[in-house]
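Engineer: One-letter residues, chain by chain:
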Amino acid sequence: MDLHLLAAEPIAEERDAIDRFLGSAAGGWTGGERTSTDHHTASGGHEARDQRYLLLPALRALQARIGWISEGGLNYICERLTIPPADAYGVATFYALLSTTPRPPRVVHVCDDIACRTRGADRLCDELEKSAGQDGWLRSPCLGLCDQAPAAFLTEAGPEPVELLFGGATAASITSVLKGDYAPAKQPHPVLPQKGSQELRLLRRIGVVDPSSFDDYRAHDGYEALAKAALLGPDGVRKEITDARLAGRGGAAFPTGRKWDAVSLQPERERYVIANADESEPGTFKDRVLMEGDPFALVEAMTIAGYATGAERGFIYLRGEYPLARERLQHAIDEARRNGVLGESVHGLGVRFDIELRVGAGAYICGEETAIFNSIEGYRGEPRNKPPFPVEAGLFGKPTVVNNVETLINVLEVLHLGGARYAETGSGISTGPRLFCLSGSVQRPGVYEVAHGTSLRDLIALAGGVAGGRELRAVLLGGAAGGFIRPDEIDMPLTFEATRAAGSTLGSGVVMLFDDQVNLVDILRRIAAFFRDESCGQCVPCRVGTVRQEEALHRILAGKPIGGVATERALLEEIGLAMKDASICGLGQTAYGAVETAMKRLGLFEEASAS
Amino acid sequence: MTALIPIEPLRKSVEISVDSRPVSVPEGSTILDACRRADIEVPTLCYLDTLHPVNVCRVCVVEVEGSRVLVPSCSRKVEPGMVVKTDSERVRHSRKMVLEFLASSVDLSTTPEVAEWLADYAADPERYGPPAPPSAAGERDSHGPGHHHAVEPGFRATVAQPVKLDNDLYIRDYGKCILCYKCVEACGKDAQNTFALTVAGRGFDARISTEFAVLLPDSACVYCGNCIGECPTGAWMFKTEFDRRAAGTWDESAQEVTTTICPYCGVGCSLELHVQDNEIVKVTSPLDHSITSGHLCIKGRFGWKFVQNRGPVRQSEGVDRG
Amino acid sequence: MFGAGGGTTSYREVEETDVIFLWGANARENHPIFFHHVLKALHRGAKLFAVDPRRTVSAQWADDWLGLHVGTDIALAHAMARVIIHAGLANEDFIRRATSGYEEYRQEVEQFTLDVAERITGVPAEVIERAALTYARAGRAVICWTLGITEHHNGTDNVFALINLSLLTGHIGRYGSGLSPLRGQNNVQGGGDMGAIPNRLVGFQDWTTDPSVRQRFETAWNTTLKPEYGKNLSEMFEAMDHGEIHAVYAIGENPARSEADQGRAERLIRGLDHLVVQDIFLTQTAELATVVLPASASWCEAEGTVTNSERRVQRVRKALEPPFDARDDMWIIAEIAQRLGYHWGHPTAEETWNELRTLAPIFAGMSYRRLDNEGGLHWPCHDENHPGELFLHSRLWAEPRGGPPAPFHAVKHEMPVEMPDDEYPFQLTTGRRLDSYNTGVQSGGYTSPLRRGESVDMSPEDVARLGFTDGERVRISSRRGSVEAPIRIDRNLRPGLVFMTFHFQDDVRTNLLTIDATDPKSGTAEFKACAVRIDPLGAAVTASIA
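Taken in order, these protein sequences are the chains called U, P and S. Counting from 1 along the first sequence, just add 396 to a position and that's the residue number in the working numbering. Counting from 1 along the second sequence, just add 37 to a position and that's the residue number in the working numbering. Residue numbers are given in the working numbering: position 416 of the third sequence equals residue 412, and the series is strictly consecutive.
Hint data in this document are derived by calculation from the structure and do not stem from the laboratory. No incorrect hints appear here.
Here are the simulated DSSO-like cross-link-like pairs (lysine-lysine), alpha carbons at most 27 Å apart as the crow flies:
1. U:K956 <-> U:K996
2. U:K782 <-> P:K133
3. P:K276 <-> S:K314
4. U:K794 <-> P:K114
5. P:K226 <-> U:K794
6. U:K526 <-> U:K582
7. S:K222 <-> S:K517
8. P:K114 <-> U:K782
Sequences and hints are given; from them, build the entire structure.
Structural biologist: Encoded structure:
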């Protein structure tokens, strides 16, 4: 196409960063040396434009090498991939981990989100501002390391880029990391609280197997499910999944069997499987634990999903803040290929299936199942309108299965036990085991596996109760997109049905405790700020509604309500209802959930409005 | 002989109910089509017949029985037996809020019809506090994603900012932008395919931009003016209109619109000449014309001045030597 | 084509075709809204091939750009034909039923092997082969061209070479398959339609060969028509040169700037006894006139019709009062007739049109009412109930075939008349830019942010080799004249090829350089190829300049 590039040239390092990712340029028309053949022929058509899906990884490669996306660097990517610069700029400015203005090579993203806030993250940031100033670090939304709060994420650009996600952060440790001493950032992630327990199913290999060893995975039942799948055939696998009544663990609880059936019934043969590993819901870190500790399990489960639905290509869409998971997953994919269980002909299944690991760059919205498609395809990660649904027209417009990581790990368990036996645990659609992420004011934060139907009280007890024996003020269930419940409601059994009936949700398995010392209005304002920051900006109710919601909470917090707290409370309700009812996607539709439940269940702003 | 022209297959008709009235529309129609057929007024801002519906403004939402949330009527296709409500409490509430959200953050003074809608839905944009001071020129263009720029508590954030004046043909007044995506679509895949424009940034900081927010003359812009043609709010405006408005000589009631054919190449594009006081003040093209679909190029949109220039012809007059 | 002077397809078909060739056509810049229809096809998955010496903005959209040497179109087309024939993809059945002259054609193209074609055109053999096979295998395919094909000394042969490809594959006369010459001006097609050509009356009717036509017009106009053709523009200049023409009445034409070898053109115009210019501008030609008749702008100050590149007749309407004493062209002509003793009165545009409908069957069904209501109509449109024809020549597929067979033309490949040599080592080719138009009298009226004035565009290699810099003013000289212009580096040009427009003739008279090597069949000059040299300013000009 007729690209109009800016006058800026890439520097050698920028060119090298892109060439390392894409290979050398083929000729003068795509950024390389001009040859005499270029004088007489060129290809700028479909093939050239079809490289668009390489945009995000190319931008990431540039960011990782240089520390920001310059005009020259962006130009070179656009020339290589035949992408209009404005389009690429629109994509680059969508992701918080990419910068289109100069940034120092070393940046620490310090989590000041709700879980870390209960562990002093806000104080930490204040201290940092005093000791380190504004340079070299940024406040960050939840980094998915809530069990080790406060968390931080280091990125260092260069020929050998460094990315480290670390917990237990202090102003002192961050200051030393900013000075180049990475020792505090290299502490190993702690072991699973339930490690080694015989009752564990989904987590049973975590901390037990060597996550880098294909053989060790095999030695711990690895690829047994795939062997069973081969015996069952695609239809048989889908039947087991349906019989298991396996519901999606990402938040929507959609029946996995129905999703797989819908894709396998499509006339279109080109189909995709996507593992949604963009775990960004504040308070959620179970998928990280699974991927860091048992990466082969995800690869095996996706292979089975591909086999059962007739897809030959899969993508893992991993959030950008999980460097260890990325490293281990990539290694697992490479090892699986090397061992013939991934690639041209999957051993035992005789079909083609391969997986590409895609890494996000700091955008919560990309966990929305249709935003994932846009992000992978190289567009802004804006959700699409539904219908059409992903099972009809998903990635590249083709039928697509999108499953959460935990859902896929359950597939192995379903095949291991058989669908019917799997469904014996739990009831209704709440079958099988379930992972919960305990964080906040809890004694032993971490990922816990329990059977569906366990009460919240028992789960909290399993994690040692409220930290320091303090009094429980509220529990945030399901994440920032979920809602609060009161301490007197914790006998609620943890099932989709029971939580739904109580007007709450399991969401992504977040169980965040708040004790009586937490400023809940401040937590609410942080949640509102999170949605304001993470709204893609596409639809008016969410783009402006999240701002107006945050402004109202800010006014209340600052003691400057317009027309009194009761008026603000009513305004919040009106804003919330419109966001819930008229937004395009789940982000806007749930952005009021925490505020609503805080007001309606916890009675926040009631005393004030009575006065 | 007339033969061999593929005829579109006859579309079945679909029966639905809109506000308790039966409506029959061809398969593949949208709810909006059905509402229009039933003479039920549905406000729209981001919708245009010639563009792919992005359904982002949400002012056209309606209630569909069985749907958990409201649905955008501009893009949702009808299904047999669908029961649609366009005037329920839920619908009215969301429309009111959308209008309030827009009016409280964007200058809608040149958006047709919106004042009536604000009144109809009893929207009160002032209840969000006084507007924060406008951003400085270029300030909003530099907002990175994921870190919002909070205004002082008590004030409401807006997109107010100075007008961008960087060429003689049109102006950009982003303080009037509701982010309907029409200009991006018209500049991009839906028409011109120049892709000089994008939505940059995220959330409330999202804005229409060129790459690195460079001036239009440094961008890929080819001045087809299709962005102006589609803009519903006057955020993109002919310089001629902008200047006349500034001078107080813009008078739509005194304008006549005549459709003719472009005097340049042989494609045969329909031009609508908007004439005030025997002067062309702007040029558009009919949306329903099958040659242009409302889109023009720089010559058709702006190349008409020669009929108004008085005096000798110099080709170099128009040379921008900058 | 085959007796009808218009493109065979419609824009709508271009949107729905599978393969598009833009051959010597830079539609992205010169027919931007037509290119929108091409883009719709591309987004549907259609393949685009662009044949052009420059990698134009149109060519940049192509799946394959075939960057041939200037003037080697016939060799390329013949080589494609040979590939198609040897691959067994010639549409034998169609050829047998609907065409003539195939055998001679087959023999002519046989010599153009891929090797030979690559040597002549510079285009890699595999690209030529891919283009040929893709075209032949397509369900539907359209070839579009403009002046890159016609502005050659053998422009008509070039057109025949493309028509041959459509006949060979049967990509003609069917929905979505055909030939589309894109018209450069808003009423070039209409001018031909109305008989403003030397060899046809309105509606492409030949009064010299068809007595019924002659009789119809003689009766209607109450006059006697000489059964002989008039002269085309080049022939008129020849006749001026030979002293056969002494007086010229030019309506809406600026030959003092638009003709090739401008020095000669201007000399001949100055040599006329009497020159009448009727124009909306006081053009450079008008400045030389004995009498100037100021006319109103037909597209916005008068009523009437124009015809576009897809044969669609559309209405132009009066939106403005013309300035000063400028008058409608029809009014002026009628007044002149009056002075000459013919009392035509002053019919309205519609009355004139209605008379024409009675004389030209292809417009008979196009009432103003229908033109207004239906957004224009494609000719032929025989009666008020006829919807007009989207595409022409379905008769070739009829059983039995309607009308005469469509002939192949075994045209010969010939290089441009003037090729670069040691003295004039660069090949100059000319064209337009997006925001400007022809000699600039219209487009010069508005300020374009894109406009940079005239330049000589050169490849980065040539600029570096000659030690020039971007923007440096240089002297460009041909055997006929010499001009100065700044250099603009353009990597879409290859070494040896330079490009100029003719939009800024007051500043840079590009047509002093171009060659008046004219196609005898069409009267069009070879604006697309002449030899020039480029020297730094101040350097001694060694070449002899006429």
